[in-house]
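One-letter residues, chain by chain:
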Amino acid sequence: MAKQLYYEDVEAGMEVPPLVKKPTTQQLVKWAAASGDFYQLHYDKDFAQAQGFPSVLVHGKLKFGLLGQMLIDWIGEDGVLKKLGCSYRGTDFPGEDLICKGKVTNKYVKDGEHIVELEVWTENPRGERTTPGTAVVALPSRG
Amino acid sequence: MTEGSAITDELRSMIGMATEPVIMEVERGAIRRYADAIGDPNPLFSDVEYARNSRYGEVICPPGFFGWPLKRGGMMELLGTIGGALFRAGVPRILDGGVDYEFFLPIRAGDILTSHGKFADFREREGRTGKMLFITMETTYLNQNGDLVAKARSTLIAL
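So the sequence lines, in the order shown, correspond to chains A and B. So in the working numbering, spot 124 of the first sequence is number 124, and the numbers just go up one at a time. So in the working numbering, spot 89 of the second sequence is number 89, and the numbers just go up one at a time.
Any given hint might turn out to be false.
[Claimed, not checked] Think about it this way: if two alpha-carbon atoms lie no more than 30 Å apart in a straight line, the pair counts; the simulated BS3-like pairs of lysine-lysine are:
| # | chain 1 | residue 1 | chain 2 | residue 2 |
| --- | --- | --- | --- | --- |
| 1 | B | K118 | B | K131 |
| 2 | A | K83 | B | K151 |
| 3 | A | K45 | A | K83 |
| 4 | A | K103 | B | K71 |
| 5 | A | K30 | A | K45 |
| 6 | A | K107 | B | K71 |
| 7 | A | K22 | B | K131 |
| 8 | A | K101 | A | K83 |
| 9 | A | K83 | A | K3 |
| 10 | A | K30 | B | K131 |
| 11 | B | K71 | A | K101 |
| 12 | A | K45 | A | K82 |
| 13 | B | K151 | B | K131 |
| 14 | A | K82 | B | K118 |
| 15 | A | K103 | A | K22 |
| 16 | A | K103 | B | K151 |
| 17 | B | K71 | A | K83 |
| 18 | A | K82 | A | K107 |
| 19 | A | K22 | A | K110 |
| 20 | B | K71 | A | K110 |
| 21 | B | K71 | B | K131 |
| 22 | B | K131 | A | K61 |
| 23 | A | K82 | B | K131 |
| 24 | A | K83 | A | K103 |
| 25 | A | K61 | A | K103 |
| 26 | B | K151 | A | K110 |
| 27 | B | K151 | A | K30 |
| 28 | B | K131 | A | K110 |
| 29 | B | K151 | B | K118 |
| 30 | A | K82 | B | K71 |
| 31 | A | K45 | A | K103 |
| 32 | A | K22 | A | K83 |
[As the list claims (entries may be wrong)] Quick list of the computed label-pair ranges, beta carbon to beta carbon:
| # | chain 1 | residue 1 | chain 2 | residue 2 | range |
| --- | --- | --- | --- | --- | --- |
| 33 | B | E102 | A | M14 | 19 to 25 Å |
| 34 | A | T91 | B | F104 | 29 to 35 Å |
| 35 | A | R89 | B | E25 | 29 to 35 Å |
Derived by calculation from the structure, the hints in this document are not laboratory data. Glycine is no exception: its CB is placed at the ideal position from the N, C-alpha and C atoms.
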């Protein structure tokens, strides 16, 4: 595991180390089975093309999961993910890089907890934010 | 495309409509398969020995995973009912708009969760191609001790 991140290490504007993924059609099928989401748009190319898409689409909830992975790697085992939300704004396709990113927007102490707020998003190879969202984490303090 | 508002009396009368509770079992194997499908090697999700020695004492769920239904409630029926009303309101296409989760407690392998879903709210917006309704579905997850572990607000976009 990565070393523990502390509240004092974080400032507004700081970026979360990006997590670069390249979902394959095989990963989409694995995720469909593991999540129980069997909507054909995500594994049946004929179905996707009949809906006007060039290919099957990466599940929105899988992109949520990847953002979660990025954050949990960053906050370490003593950090707590309190909130994570995202909008499925753009479509992503298997075989393309999907880059998870995040940036600290605010930090404060509330009710004894050391809180950090972030904006998070996934980006496609054209630099478009396809899954914008926000997150709130609590970090341990050296204080 | 309908004239005027897509918010019909039928839709308005459905706000607050709730599902039967769904009972879910959180199994180690299901957690491991989910983490593997994400491509997340974090040992807290897959390594029982490692997790036992962590502050969690047991394998935990990655965010957004809540185990498998032991007893299915009525979420599909509720969505079907709302879908019918949206069709009659002239906004038949439904897209998954996104989700916001709040996490209150870790979910451990062995937990039995109960979720309650409801049609919480909607608002109307004029989109580029006509009327759009943003529908909010709210789901709460309780563990076997009756403690609130997570809350989800999902957005459906009807157009």
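Comparing the hints with the structure gives:
1. Pair hint B/K118 plus B/K131 holds up; C-alpha atoms about 23 Å apart against a cutoff of 30 Å.
2. As the CA atoms of A/K83 and B/K151 are separated by approximately 10 Å, the hinted pair is consistent with the 30 Å bound.
3. In summary, the hint linking A/K45 to A/K83 is not supported, as the alpha carbons are separated by about 34 Å, beyond the 30 Å threshold.
4. For the hint linking A/K103 to B/K71, the alpha-carbon distance of about 40 Å lies beyond 30 Å, and the restraint is violated.
5. Restraint check: the Cα-Cα separation between A/K30 and A/K45 comes to about 16 Å, which is no more than 30 Å; the hinted pair holds.
6. This hinted pair does not check out: A/K107 and B/K71 have alpha carbons roughly 41 Å apart, beyond 30 Å.
7. Taking the CA atoms of A/K22 and B/K131, the gap is about 35 Å. The hint is violated against a cut of 30 Å.
8. Simply put, A/K101 and A/K83 have alpha-carbon atoms about 16 Å apart, close enough for the 30 Å limit, and the pair holds.
9. A distance of roughly 22 Å separates the Cα atoms of A/K83 and A/K3; the hinted pair therefore holds under the 30 Å criterion.
10. The suggested pairing of A/K30 with B/K131 is violated, with an alpha-carbon distance near 36 Å, which exceeds 30 Å.
11. Of the supplied pair hints, the one linking B/K71 and A/K101 is violated, its CA atoms being roughly 37 Å apart against a limit of 30 Å.
12. For the hint linking A/K45 to A/K82, the alpha-carbon distance of about 37 Å lies beyond 30 Å, and the restraint is violated.
13. A hinted pair counts as satisfied when its Cα atoms are at most 30 Å apart, and B/K151 with B/K131 qualifies at roughly 29 Å.
14. Pair hint A/K82 plus B/K118 holds up; C-alpha atoms about 22 Å apart against a cutoff of 30 Å.
15. For a cut-off of 30 Å, the pair hint linking A/K103 to A/K22 stands: about 21 Å separates their Cα positions.
16. Note on A/K103 and B/K151: the hinted pairing holds, with a Cα-Cα distance of about 24 Å set against a maximum of 30 Å.
17. Among the hinted pairs, B/K71 with A/K83 is consistent with the structure: their alpha-carbon atoms are about 27 Å apart, no more than 30 Å.
18. For the given pair, A/K82 sits about 14 Å from A/K107 by alpha-carbon distance, which is consistent with the 30 Å threshold.
19. Distance hint between A/K22 and A/K110 is unfulfilled; the C-alpha atoms sit about 38 Å from each other, more than 30 Å.
20. Distance restraint check for B/K71 and A/K110: the Cα-Cα separation of roughly 39 Å exceeds the 30 Å cut-off, and the hinted pair is therefore not satisfied.
21. Restraint check: the Cα-Cα separation between B/K71 and B/K131 comes to about 37 Å, which exceeds 30 Å; the hinted pair is violated.
22. Restraint check for B/K131 and A/K61: satisfied, since their Cα atoms lie roughly 25 Å apart, inside the 30 Å limit.
23. At most 30 Å may separate the alpha-carbon atoms for a hinted pair to count; A/K82 and B/K131 exceed this at roughly 34 Å.
24. As the CA atoms of A/K83 and A/K103 are separated by approximately 15 Å, the hinted pair is consistent with the 30 Å bound.
25. As the CA atoms of A/K61 and A/K103 are separated by approximately 21 Å, the hinted pair is consistent with the 30 Å bound.
26. Distance hint between B/K151 and A/K110 is fulfilled; the C-alpha atoms sit about 21 Å from each other, no more than 30 Å.
27. Restraint check for B/K151 and A/K30: the C-alpha separation of about 26 Å stays at or below 30 Å, so the hint holds.
28. A C-alpha spacing of about 41 Å is found between B/K131 and A/K110, which places the hinted pair above 30 Å, so the restraint is violated.
29. Only pairs whose Cα atoms come within 30 Å are accepted, and B/K151 paired with B/K118 is accepted, the gap being roughly 12 Å.
30. With a CA separation close to 28 Å, the supplied pair A/K82 and B/K71 stays within the 30 Å bound.
31. As the CA atoms of A/K45 and A/K103 are separated by approximately 35 Å, the hinted pair breaks the 30 Å bound.
32. For the proposed pair A/K22 and A/K83, the alpha carbon gap of about 25 Å is at most 30 Å, so the pair holds.
33. Range check, B/E102 to A/M14: about 23 Å between beta-carbon atoms, so the 19 to 25 Å window is met.
34. For the hinted restraint 29 to 35 Å between A/T91 and B/F104, the CB-CB distance of approximately 32 Å keeps it satisfied.
35. Our hint of 29 to 35 Å for A/R89 and B/E25 holds, since their Cβ atoms are close to 34 Å apart.
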